[in-house]
Amino acid sequence: MEEKEKMTIGVFSGELDKALAAFIIATTGASMGMDVKMFFTFWGLNILKKNEGSLKSKGIMRKMLNIMNRGGSKRLNMSKFHMSGMGTWMMKKLMKEVKMPSLEELIVMAHSMGVKLIPCSTTCGLMGLAEDSFRPEVEPIAGAAYFLNEARESKVTLFI
Amino acid sequence: MEEKEKMTIGVFSGELDKALAAFIIATTGASMGMDVKMFFTFWGLNILKKNEGSLKSKGIMRKMLNIMNRGGSKRLNMSKFHMSGMGTWMMKKLMKEVKMPSLEELIVMAHSMGVKLIPCSTTCGLMGLAEDSFRPEVEPIAGAAYFLNEARESKVTLFI
Amino acid sequence: MEEKEKMTIGVFSGELDKALAAFIIATTGASMGMDVKMFFTFWGLNILKKNEGSLKSKGIMRKMLNIMNRGGSKRLNMSKFHMSGMGTWMMKKLMKEVKMPSLEELIVMAHSMGVKLIPCSTTCGLMGLAEDSFRPEVEPIAGAAYFLNEARESKVTLFI
Numbered sequence: 011m012e013e014k015e016k017m018t019i020g021v022f023s024g025e026l027d028k029a030l031a032a033f034i035i036a037t038t039g040a041s042m043g044m045d046v047k048m049f050f051t052f053w054g055l056n057i058l059k060k061n062e063g064s065l066k067s068k069g070i071m072r073k074m075l076n077i078m079n080r081g082g083s084k085r086l087n088m089s090k091f092h093m094s095g096m097g098t099w100m101m102k103k104l105m106k107e108v109k110m111p112s113l114e115e116l117i118v119m120a121h122s123m124g125v126k127l128i129p130c131s132t133t134c135g136l137m138g139l140a141e142d143s144f145r146p147e148v149e150p151i152a153g154a155a156y157f158l159n160e161a162r163e164s165k166v167t168l169f170i
Numbered sequence: 011m012e013e014k015e016k017m018t019i020g021v022f023s024g025e026l027d028k029a030l031a032a033f034i035i036a037t038t039g040a041s042m043g044m045d046v047k048m049f050f051t052f053w054g055l056n057i058l059k060k061n062e063g064s065l066k067s068k069g070i071m072r073k074m075l076n077i078m079n080r081g082g083s084k085r086l087n088m089s090k091f092h093m094s095g096m097g098t099w100m101m102k103k104l105m106k107e108v109k110m111p112s113l114e115e116l117i118v119m120a121h122s123m124g125v126k127l128i129p130c131s132t133t134c135g136l137m138g139l140a141e142d143s144f145r146p147e148v149e150p151i152a153g154a155a156y157f158l159n160e161a162r163e164s165k166v167t168l169f170i
Numbered sequence: 011m012e013e014k015e016k017m018t019i020g021v022f023s024g025e026l027d028k029a030l031a032a033f034i035i036a037t038t039g040a041s042m043g044m045d046v047k048m049f050f051t052f053w054g055l056n057i058l059k060k061n062e063g064s065l066k067s068k069g070i071m072r073k074m075l076n077i078m079n080r081g082g083s084k085r086l087n088m089s090k091f092h093m094s095g096m097g098t099w100m101m102k103k104l105m106k107e108v109k110m111p112s113l114e115e116l117i118v119m120a121h122s123m124g125v126k127l128i129p130c131s132t133t134c135g136l137m138g139l140a141e142d143s144f145r146p147e148v149e150p151i152a153g154a155a156y157f158l159n160e161a162r163e164s165k166v167t168l169f170i
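Chains as they are written, first to last, in this note's numbering: chain A, 11 to 170; chain B, 11 to 170; chain C, 11 to 170.
Hints listed in this document are in silico derivations from the structure and should not be mistaken for laboratory results. You may find that some hints are simply not true.
It does not matter which identical chain is meant; a pair holds if it fits inside one copy or across any two.
Here are the simulated EDC-like cross-link-like pairs (lysine to aspartate or glutamate), alpha carbons at most 20 angstroms apart as the crow flies [said to hold, decoys possible]:
id : residue 1 : residue 2
1  : K84       : E147
2  : K165      : E13
3  : K68       : E107
4  : K103      : D45
5  : K165      : D45
6  : K60       : E107
7  : K73       : E15
With these hints in hand, go ahead and build the complete structure from the sequences.
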């Protein structure tokens with residue numbers, strides 16, 4: 011049996027536009043038969059947070075960080091033209107008009123196509139996030155060594 | 011005949027400093043004999059927009075987006091120290107002083123060295139951009155699958 | 011003798027969070043036996059600037075740029091939630107709590123593990139930085155062709 015070509019995407023950014031780019035590339039790769047792993051670190055973890063409920067974290071600073079930094083696929087802003095929500099709202103409206111899937115739909119779609127969504131252990135520790143902070147599509151937490159091991163076997167590696 | 015080594019650069023950002031970095035790397039690669047493809051998506055499309063004339067786009071929101079987001083190699087700002095234009099002006103002045111080519115010159119140079127400049131079809135659709143929105147050096151619009159097909163054959167792939 | 015697998019990291023950004031991500035990946039790679047080169051350009055050069063003393067640069071504009079843009083591992087801000095220093099202070103506090111090394115410690119550690127820290131010649135020229143602007147762990151300045159030559163021999167190339 012031939013092995014699938016691999017792609018590894020490190021997702022550092024938690025903005026709506028960068029998240030869309032990452033998931034469009036990931037689902038395109040999966041549809042081309044690639045074995046795709048996405049590794050989420052720093053603000054990228056926000057993309058994977060649950061949309062519902064409130065996050066529990068220990069210590070006043072982590073509580074503050076997780077409130078300011080609430081996350082969830084439906085709450086992300088754009089890196090440009092956010093304009094107190096106006097630009098982000100407009101972008102979502104335009105996406106609907108051209109029948110582009112929303113970020114929420116892209117995440118579900120990626121998961122169902124076999125794309126693996128992996129949170130970075132170091133930044134989870136830093137930000138006080140545990141596995142139950144994330145949506146059900148997410149894999150167990152893993153470290154930077156896991157990311158690099160995948161990356162060095164990959165035909166394509168991106169850092170977004 | 012030996013095939014040339016490939017490099018693929020995904021250009022997401024539309025800021026002057028990131029655009030300069032992308033085109034310096036692209037022209038350096040071309041001068042080393044590499045076959046270089048640059049794939050422009052989201053704000054990166056601004057780099058390829060015509061400097062002259064006005065863009066036509068359908069619908070009030072796309073019109074607004076393309077006004078706020080005018081683009082063209084001569085209108086981009088920096089990601090840092092833009093300072094209402096002062097920092098961007100200073101950067102251009104410093105570039106002239108050390109005889110570094112401007113972004114406009116780098117684009118023309120890249121094209122004449124065989125670097126291919128390709129707009130991403132999904133974001134063109136989203137932002138209401140057609141092929142006549144772009145400068146003459148630009149190739150036909152292509153999709154994410156084209157980007158990934160090039161990337162997986164490349165020795166170097168960057169996402170900027 | 012078997013050759014080591016290579017990793018090349020282009021560091022464009024000078025923010026604390028992106029610098030941490032770059033150095034965590036670099037030291038992880040080195041600990042896995044990889045030969046790691048980090049190539050610093052534009053704002054990434056700030057990470058390598060000396061923490062002590064003042065920078066000398068010629069011309070009023072470069073002097074201004076280097077004051078606004080002071081750099082040094084201990085002075086960097088975050089790309090998000092800087093909040094006039096509050097967020098950056100909080101992040102450093104959280105890092106201490108989980109016993110994560112500081113950026114300063116990561117730089118020293120990376121150097122002692124054999125990671126090479128290389129400033130980009132073009133942007134050094136642009137910003138009026140000479141080799142004595144940088145901390146002692148830094149290698150001689152090199153150009154974009156050096157970066158690409160390393161990248162095309164690398165198993166993993168990232169642009170951060």
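Verification of the hints:
Taking the shortest Cα distances, K84 and E147 sit within 20 angstroms of each other inside one copy (15 angstroms), while across copies they are farther apart (38 angstroms). In this assembly of identical chains, the alpha carbons of K165 and E13 lie at most 20 angstroms apart whether taken from the same copy (12 angstroms) or from different copies (18 angstroms). With identical chains, the CA atoms of K68 and E107 are at most 20 angstroms apart between copies only, with a shortest distance of 12 angstroms across copies and 42 angstroms within one. Taking identical chains as interchangeable, the C-alpha atoms of K103 and D45 are never at most 20 angstroms apart, the minima being 31 angstroms within one chain and 38 angstroms between chains.
In the homo-oligomer, the alpha carbons of K165 and D45 lie at most 20 angstroms apart both inside one protomer (10 angstroms) and across protomers (17 angstroms), since each shortest distance falls under that limit. In this homomeric assembly, K60 and E107 never come within 20 angstroms of each other (Cα to Cα): the closest approach is 26 angstroms inside a single copy and 25 angstroms across copies. For a Cα distance limit of 20 angstroms, the shortest separation of K73 from E15 qualifies neither inside one copy, at 41 angstroms, nor across copies, at 41 angstroms.
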